[in-house]
Amino acid sequence: AALDLLWKGQCNCAYWHGVYAGLYLPHLREAVYSNLIRAEAELDRGREPGWTYLEMVDLDCDGTPEVIASSAALNAFFSLVGGAMFELDFKPRAANLADTLARWPEAYHPKDGEEYDGYPRDSFLDHFYAPGTSLVQALDSGDFAQGLYEHHPVPAAQRTAFKLVRHGAIAHGESTHPVTVEKEFEIDREACRITARYRVTNTGPVQLATRFGVELNWALQSGDAPSDRFVLVDGQTPVERRLGARAEHPGARELVAHDRWRKLAMKMQWSRPAVLWRYPVETTSRTFARTETIFQSLCLIPVWDLELPIGGTFAVDLVLTVEATS
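Be aware that the sequence shown starts at 1, since it is given in our numbering, and climbs by one per residue.
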């Protein structure tokens with residue numbers, strides 16, 4: 001059975017552009033990932049309850065190892081580039097909820113009007129913005145989203161955890177400020193839950209004023225189906241609940257994205273109130289018949305205003321939970 005699922009996961013359509021957009025179509029990528037996750041689940045049968053697995057492996061053979069965390073409930077893959085999570089497999093629904101796609105140039109795109117990404121649309125990407133920056137104005141001032149993080153093991157007999165650290169810098173105007181970002185990730189042994197404990201330290205010689213945001217990208221298939229794919233902010237229905245809406249939510253503490261089609265819910269909570277930015281990531285691709293705009297992911301960025309004295313540290317915890325729903 002596992003071998004049959006592996007073969008299904010090798011169907012070529014989702015691996016390249018093709019005349020029907022192939023790779024750009026989320027439902028094709030989802031079908032491939034679903035079969036591969038189900039194949040792996042077949043191999044996991046017979047393991048002891050509460051098992052977890054954590055190791056470093058150079059998955060893509062680029063010379064830099066990735067951090068691989070697994071349990072009965074999830075797979076979570078982390079890159080040292082950006083210190084980001086680039087895959088999140090929710091095994092009870094055989095869904096890769098990090099199956100996102102960045103916006104890259106295509107030869108057929110118009111010369112003007114397209115927006116492109118300078119990095120993969122992963123999760124737990126760290127950004128710094130000038131004070132007062134809004135979602136519309138957001139330009140990253142730091143070198144963290146594409147910078148290399150250091151991996152540090154976390155000795156813990158009863159925990160599955162590791163730490164990623166970067167000693168980087170941010171530039172506001174003509175001033176450059178050294179900053180250290182530490183984030184300790186802990187993988188729950190039973191549930192699909194990941195806790196990220198952040199510490200942002202001003203290592204420069206002067207006080208630092210900045211806005212700090214953590215970017216998350218969730219692959220939820222459709223941005224314009226509010227009857228079965230929608231968000232709640234702090235337990236309330238926002239004015240626009242579609243995944244494809246662009247909005248800011250001051251003082252937010254959590255967001256829940258419901259996917260009733262796949263019968264799951266993704267919840268992100270953070271320990272300090274934040275201004276929550278959310279918007280859709282959409283690509284433009286061409287088939288032989290027409291050009292299409294396709295929803296690829298819901299982007300979330302909780303943002304905090306920091307006033308850090310010399311040596312000062314800002315700490316915040318983020319908890320990502322995925323649950324099966326009926």
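One thing to keep in mind: the hints can contain errors.
With a straight-line Cα cutoff of 20 angstroms, these simulated DMTMM-like cross-link-like pairs (lysine to aspartate or glutamate) come out [what the hints assert, rightly or not]:
id, residue 1, residue 2
1, Lys163, Asp317
2, Lys163, Asp58
3, Lys111, Glu282
4, Lys163, Glu150
5, Lys263, Asp228
6, Lys163, Asp140
7, Lys8, Asp44
8, Lys163, Asp188
9, Lys8, Asp58
10, Lys267, Glu292
11, Lys263, Glu282
12, Lys8, Glu42
13, Lys91, Asp234
14, Lys263, Glu323
15, Lys91, Glu174
16, Lys263, Glu48
17, Lys91, Glu292
18, Lys91, Glu48
19, Lys267, Glu307
20, Lys111, Glu55
21, Lys91, Glu248
22, Lys91, Asp143
23, Lys267, Asp234
24, Lys163, Asp234
25, Lys163, Glu66
26, Lys91, Asp62
27, Lys111, Glu292
28, Lys91, Glu150
Source of the hints: derived by calculation from the structure; they are not laboratory data.
Values in this document were obtained by computation on a predicted structure and should not be read as measured data.
query = Quick one, are Lys8 and Glu42 close enough, alpha carbons at most 20 angstroms?
reply = OK: Lys8 and Glu42 at ~14 angstroms, within 20 angstroms.
inquiry  = For a C-alpha distance cap of 20 angstroms, please report whether Lys111 and Glu292 respect it.
reply    = OK: Lys111 and Glu292 at ~17 angstroms, within 20 angstroms.
request  = Compare the distance between the alpha carbons of Lys163 and Asp317 with 20 angstroms, and conclude whether the hinted pair is satisfied.
outcome  = holds, 13 angstroms
message = Tell me if the straight-line CA distance from Lys163 to Glu150 falls inside 20 angstroms.
response = holds, 8 angstroms
inquiry  = Check the hint pairing Lys91 with Glu174 against an upper bound of 20 angstroms on the C-alpha distance.
reply    = violated, 48 angstroms
query = Quick one, are Lys8 and Asp58 close enough, alpha carbons at most 20 angstroms?
reply = violated, 25 angstroms
ask   = Given the hint that Lys263 pairs with Glu48, does the C-alpha gap stay at or below 20 angstroms?
value = violated, 27 angstroms
request  = For the pair we were handed, Lys8 and Asp44, check the Cα-Cα distance against 20 angstroms.
outcome  = holds, 19 angstroms
key: Pair hint Lys263 and Glu323, alpha-carbon separation not exceeding 20 angstroms   = It holds: about 9 angstroms lies between the C-alpha atoms, which stays within 20 angstroms.
message = Next pair to validate is Lys263 with Asp228; report whether the Cα-Cα distance is within 20 angstroms.
response = Holds, because 9 angstroms separates the two Cα atoms, which is no more than 20 angstroms.
query = Taken at face value, is the distance from the CA of Glu282 to the CA of Lys263 at most 20 angstroms?
reply = violated, 23 angstroms
ask   = Given the hinted pair Lys267 and Glu307, is their alpha-carbon gap at most 20 angstroms?
value = Given that 20 angstroms is the threshold and the Cα spacing comes to 28 angstroms, the pair is violated.
In terms of the numbered hints stated before, the structure departs from hints 6, 9, 10, 11, 13, 15, 16, 17, 19, 20, 21, 22, 24, 26 and 28, listed from lowest to highest.
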